[in-house]
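Enquirer: Next come the chains, spelled out residue by residue.
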Amino acid sequence: MESKRYQRLRREVGVLSVLLVAVTVILGLWVTPPDVVQGQLVRLIYVHPPMAWVAYLAYGVTSLASILYLWKRTRNLRWDLLAASSAEVGVIFTGLTLVTGSIWGRPAWGVWWTWDARLTTTALLFVLYLGYLALRRIPADSHQRAVRSAIAGLIAFIDVPIVHQSVVWWRTLHQGATVFNPSLSPRIHGEMLITLLLGFISFTFVYVWMVMHRYQIAALEQRVLDAELEKLIQERRNEPGLGSNQIESNDDANNAGQPSKV
Amino acid sequence: MWRDALLIAGKDLRIELRSKVAFNQILPFAFIVLIVFAFALDTSPDTLQKVAPGLFWLAVLISSILGVDRAIAIETHDNASDGLLVYGVDPGGIFLGKVVSVFVQLFLLEIVLIIAMVVLYGPKIGGWPLVVISAVFATLGISAAGVLYSQLASSSKAKQTLLPLLLVPVASPVLLAATKSWQDAFAGSGWLGDPWLRLLIVFAVVYLALGTVFYNSILEG
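Chains as they are written, first to last, in the numbering used here: chain B, 1 to 262; chain V, 263 to 483.
Because the hints were derived from the structure by calculation, they are not lab data.
Note that the Cβ used here is the ideal one computed from N, Cα and C, for glycine as well.
Be a bit skeptical, because a hint or two may be false.
In silico contact screen, one side only, chain B against chain V (beta carbon under 10 Å); selected entries [as the list claims (entries may be wrong)]:
hint	residue
1	Val61
2	Leu64
3	Leu125
4	Phe126
5	Tyr132
6	Leu135
7	Ile138
8	Pro139
9	Gln144
10	Ile151
11	Ala156
12	His164
So here's chain V without its partners, still in its complex pose (with noise of 0.2 Å):
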């Protein structure tokens, strides 16, 4: 299973190396999202650095709806999802792989995010352990429940209206726990024993088992 999901991961990785979608139209869409949440709110620094975490992350999980939909669709198209299985790769081999690719693409699109943040918003930046490992488990959360559900909505012609549907509430405590523990941290008060980060932490581990036992029934039913 690790190995196949390595497979599929650095499968997934070539063709974004060579295709550029997400780097030439998600991370933009990103950039974009930052500055017009400046034009909604308000342009006086105070208000901005307050908001910079809930924004950062806000920006990021509209961005992976985007992201999730990519790495599903590359399978659907000629039903290459079904080709996989007949080449015996393991189902949550496949999951864990696209999970992976996908947190890679997001993982960097919040490393360009953070820098446009900080120049854009002006928030003074601290804690960088709990900043760094909220991320992580907050990326990883999105990316397993992000995969999840873009393939349970993939056989629709409407999914690209159903995955925000189906996605945004289920990942709106990741939201809510990346956005405080991000405050925490910027404060100076935030550990990594976080409340906030044990939340994430919990949240990632669910969604990847969850992802890993069902997506065989998903790919097949």
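Isolated chain B (complex conformation) (with noise of 0.2 Å):
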């Protein structure tokens, strides 16, 4: 059966990624050295560029999934319920990006907040996903959903560049340098280069996981709804007085008002 074998995929790639993130955590903690400028707070680095990279990856594959959905040949529902696992995960990770870069920013920098064009930028993404978030949860009937979302989902994706223009020249045009400046970053090598691949490569496993068990839910969601119908349809069916000829020829109304697939 295809759900068992995803389930068992899906357990592998959580012992996997458990065991990743502990590996990770050992060699970020305890076996690379702190850093000559920046001391204990270089350890940071070996999480905060992985959660960026996986919510980039997340926004990512929404999009590819939202174009899949709306590409008529391709069309599943399934697309969107990926499209929605991922964006979820998305936000979570965009949301650790912005705290653990806070955190770093207030030793490293002395605020909690700065006006860089990059932090900018992952603030009004943030926004932009939890916006495609809330426009999923409108009410509506699945197919009608999966289609808002998946324009909404790509234009966000479309914005993404020119919010990112917009504010890197509004940062540069009128100001000097931004405080992202070369020389604050590590010289990363040996070590500290191989924990911080590591870390890449242990977030993208964690976020495969999530993203697993969240489109399992969103399916099973599905399912459960789709369960419901069924049993109220069977209901009124059965109901006195009403002949099947009329669900039937309800059923053709409903039927009509879906765009036809050509």
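Take the two lone chains and join them into the complex the hints point to.
Expert: Next up, the structure:
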């Protein structure tokens, strides 16, 4: 059965991600040395960039799944559920990116927040996809919701470069260098580099694991919804005084309301 | 499509001309926003002159939310948009028509607001070509993105609260670019090659294209 295979794969990915995160934690907290300039603070680099990467990966997957749903030849509700699951995980990781960045910024720059181009873009990105998730919450039939969210997801993704460009200009045309100057960033080599790379890999696995979980929940919710609808239709069919013909003609009317697939 | 767009725009503007919702409600609202900004900041001429372009575009953006909401509400009432589709009106045309109608209303609102801004904040306005052309493309961009998102959120009972959440982050580059290009124009340093103007043009073109392509799916879906 496909779902059994899915479950097994999910468990395997889960075990692997926990192991990888554990190794990253050990390497990041104990094995790697503190940085010359930043001291213990440098350890945040093993979490913060991987989180940002996962956020972008998640939004990329959402956009791809949205395109696949909008394209009529590959239209399948699964793409919609995948887009939703990935976006949710993406929003969580964008939030974590902002929080970990802030935690790093306070001791390193002396402020929790600064109007740096990357920070501002990330904050806007966070709200942009919160809007996408809010739009998904609108009660609608699954096809309608899928189309609307797919379009919204795609627009959000197209908007990101415009937002980024505007913010970069905003900070560079009117001010000098940003806080992210190259000399601040630690020179990475040896075990630090390995730990950082491992951070990227382990967080990617965590992402896949979370999306798999979330996708399954979304699919189950959809199944419950379909089953309930089926039950209601059945109950109505069994009601005395209502011919089955009438129900069928209702079904036809509902189908006619759907856009025809050409 | 273009004919349909003109028909829809004409219809919407006629409705506005007779109901005067934008004139009686949105315009005074934008005006009061300009006044309360001064309460929140400072009444010293230096501060107000410096931030005038930003406050102006913020007032326009906030008012545009009301404007696009109204433009789509006309069609969702009694499922009027289904009627339009049945008549065979091109969906892209409906979108462009709505954008034109919102654009015209917002642009008129801006003309009134700019006078109010000069009186209340006293900035020295210069570089008129850049001021006008930036305003045209900024308004076009806000209208296109606004109509698109308002239609996306239209089936919801919570659309009044959802629309600002969707529209403001998306339109934030317009707010930024329009403010900066006006600052450049006022300072006399900006000309038509201003990078901010280019950004406004790109935004407007992208959202007009997206809306024309996707409006059909949103209406039918």
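Enquirer: Decide, hint by hint, whether the structure agrees.
Expert: We went through each hint and held it up to the structure:
Restraint check, Val61 (chain B) versus chain V: the minimum CB separation of about 20 Å is more than 10 Å; hint violated. Hint status for Leu64 (chain B) relative to chain V: violated, with the closest Cβ pair at about 17 Å, above 10 Å. The beta carbon of Leu125 (chain B) comes within 8 Å of a beta carbon in chain V, closer than 10 Å, and the hint placing it at the interface holds. A cut of 10 Å between beta carbons decides the hint on Phe126 (chain B): the least distance to chain V is about 9 Å, and the hint holds.
Checking Tyr132 (chain B) against chain V by beta carbon gives a least distance of about 8 Å; that is within 10 Å, so the hint holds. Interface hint status for Leu135 (chain B): upheld, as the beta-carbon distance to the closest one in chain V is roughly 6 Å, under 10 Å. For the restraint placing Ile138 (chain B) at the interface with chain V, the shortest Cβ-Cβ distance is roughly 4 Å, inside the 10 Å limit, so the hint holds. Using the Cβ-Cβ criterion of 10 Å, the hint placing Pro139 (chain B) at the interface with chain V is satisfied: the shortest such distance is roughly 8 Å.
Checking Gln144 (chain B) against chain V: minimum C-beta separation of about 5 Å stays under 10 Å; hint holds. Taking 10 Å as the C-beta cut-off, the interface hint given for Ile151 (chain B) holds, the closest approach to chain V being about 5 Å. Annotation: Ala156 (chain B) was flagged as interfacial toward chain V, and the flag holds, the nearest CB pair being 7 Å apart, inside 10 Å. Below 10 Å, beta-carbon pairs count as interface contacts, and His164 (chain B) has one with chain V at about 9 Å; its hint therefore holds.
The structure is inconsistent with the numbered hints 1 and 2, although it conforms to all the rest.
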